[in-house]
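Participant: Sequence:
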Amino acid sequence: MPKNTLERPPASRRPDTSSFAAVTERPASAAGSLARRILPKSYLVLVLVAIIVVGYYVSADFLTLRNAENVIAAASIVAVLAVGQFFVVLTGGIDLSVGSTLALSTVVVALTLQSGLSAELSAALTLLCCAAAGLINGLLIVWLRIPPFIATLAMMSAIKGFSYIIQSTSLIQILDERFIDEFSRAEVLGVRSPVLIFIVVAVLAGLVARFTTFGRSLYAIGGNPEAARLSGLPVARNLIITYTMSGLLAGLAGLIAAAQLRQGSSLIGVGYELDAIAAVVVGGASLMGGKGDPISAVIGVFVLATIINIMNLVGISSEPQLVIKGGVIIIAVFLSSAGGVARIGAFFAKHGPRRRVARAS
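In my numbering, the protein residues as written are 50 to 410.
In short, the hints are calculated from the structure, not lab data.
You may find that some hints are simply not true.
Across the chosen pairs, the derived CB separations fall in these ranges [said to hold, decoys possible]:
id : residue 1 : residue 2 : range
1  : Gly364    : Glu226    : 34 to 42 Å
2  : Val252    : Ala122    : 15 to 23 Å
3  : Ala173    : Arg286    : 36 to 44 Å
4  : Tyr105    : Ile199    : 41 to 49 Å
5  : Leu362    : Leu256    : 33 to 41 Å
6  : Ser366    : Val102    : 20 to 28 Å
7  : Arg227    : Gly281    : 42 to 50 Å
8  : Tyr92     : Phe260    : 34 to 42 Å
All values derive from a computational prediction rather than experimental measurement.
Glycine is no exception: its CB is placed at the ideal position from the N, C-alpha and C atoms.
Let the sequences and hints guide you as you build the complete structure.
Facilitator: Here it is, written out as C-alpha cells:
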C-alpha cells in the first residue's frame, strides 16, 4: 500500500528564514532601545506636569510669571551642577565637593572683580581655578586610588576652608554691572542668561553623552570599569577629565550664583551638592553607574525645584521640606534600582483586588 504520509523536504530545499528573523528582530531591538531612551524622559515630564497641576490648585500665585521666573532662576544653578554630577555618577563615582567649588567660584570672581580685572578675565580665571579643583579630585581618585566618596569629601572640606581663608570679610560685594548683566540680567531672544547657559550646557552634555566616543566610554566605565580597561579604553584619563569637567561646571554655576546674589562668600552653595545628586537620581541615573542621561537629570532638577516652590507657597517650613525631599529621593532611588518597579508590580499582583476576588471565590 502506498504511503500517505507527508515527508519533510531535505534541508537543502527548505526556505532559509534566518535572514528574515534577523531583519524582523533588528527593528524590534532598535525600537526597544529607542523606547528605553524616551520613556524615562516622558515619565519625568508627566510627573513634572502633574506637580504643576497640583501647584495650580493649591496656590493662586503658582502660575504667575514672577513665580515661574523665580523657579527657573533658582533651578538654573542646580541644573548646571547636576550636569557635571551626572557624568561623575555615570562612571560609578560621586562628587561631594561641587557645593564648595561653587562657593569658591563666587569668592574668586568677587575678589578678581574687586581687584579691577574685567568681567571676562575674572570669569575665565575663576573657571580655571574651579577646573583645577576638579582635576585634583580626579588625580586623587585615579593616581592615589582613593574612593570617590572619600576623595571628594576631603576636597569639600579643603575647598571650603580655602575659600574662607582667601575672603577678607564675611562676604564680598560685587558691583561690576557688566558681570551681573552677562550672568544674570542679559537676555537673548527674551531668554535670560542663566536659563540660556543651562540650556546650552544641557544640550552639549546630551550630545557628548550620546554621540561621542568619550560619552559612550563613560557608560562602559560605569557599567564595568575592569572590562572597559581590558577593552583598551583610557579609563584613567577619562575619569580625570570627568572630575575636571564637574569642577568646571560647578565654577560656572558659581558665576551665575554670584551674579544673582551680587556677592561672593564661602557660605554660598551649602547643600547644593546634595541637590545635584538628588536631581541626578530623580532623573533616573543609577548610583552604581552606567545608566542615565543629562537631559533627564535637568528635568529632575525642575521636578525638585517645583516641589520646593509649592511647599514655600503653602507655607511649609524648611525642616519638613527636608523630610519630604528625602522621601522623594528614597522613592526615586528605589524606582531606579534594578527590579524596583518589578517588585512593586509583584506586590500588587499578589495583594491586588483580583487576587482578593480569586481567594473569595
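Participant: Now tell me if each hint is right for this structure.
Facilitator: Right, here's what the structure says about each hint:
{"no.": "1", "hint": "Gly364 x Glu226: 34 to 42 Å", "result": "holds (36 Å)"}
{"no.": "2", "hint": "Val252 x Ala122: 15 to 23 Å", "result": "holds (19 Å)"}
{"no.": "3", "hint": "Ala173 x Arg286: 36 to 44 Å", "result": "violated (24 Å)"}
{"no.": "4", "hint": "Tyr105 x Ile199: 41 to 49 Å", "result": "holds (45 Å)"}
{"no.": "5", "hint": "Leu362 x Leu256: 33 to 41 Å", "result": "holds (36 Å)"}
{"no.": "6", "hint": "Ser366 x Val102: 20 to 28 Å", "result": "holds (24 Å)"}
{"no.": "7", "hint": "Arg227 x Gly281: 42 to 50 Å", "result": "holds (48 Å)"}
{"no.": "8", "hint": "Tyr92 x Phe260: 34 to 42 Å", "result": "violated (23 Å)"}
The structure shown violates the earlier hints numbered 3 and 8.
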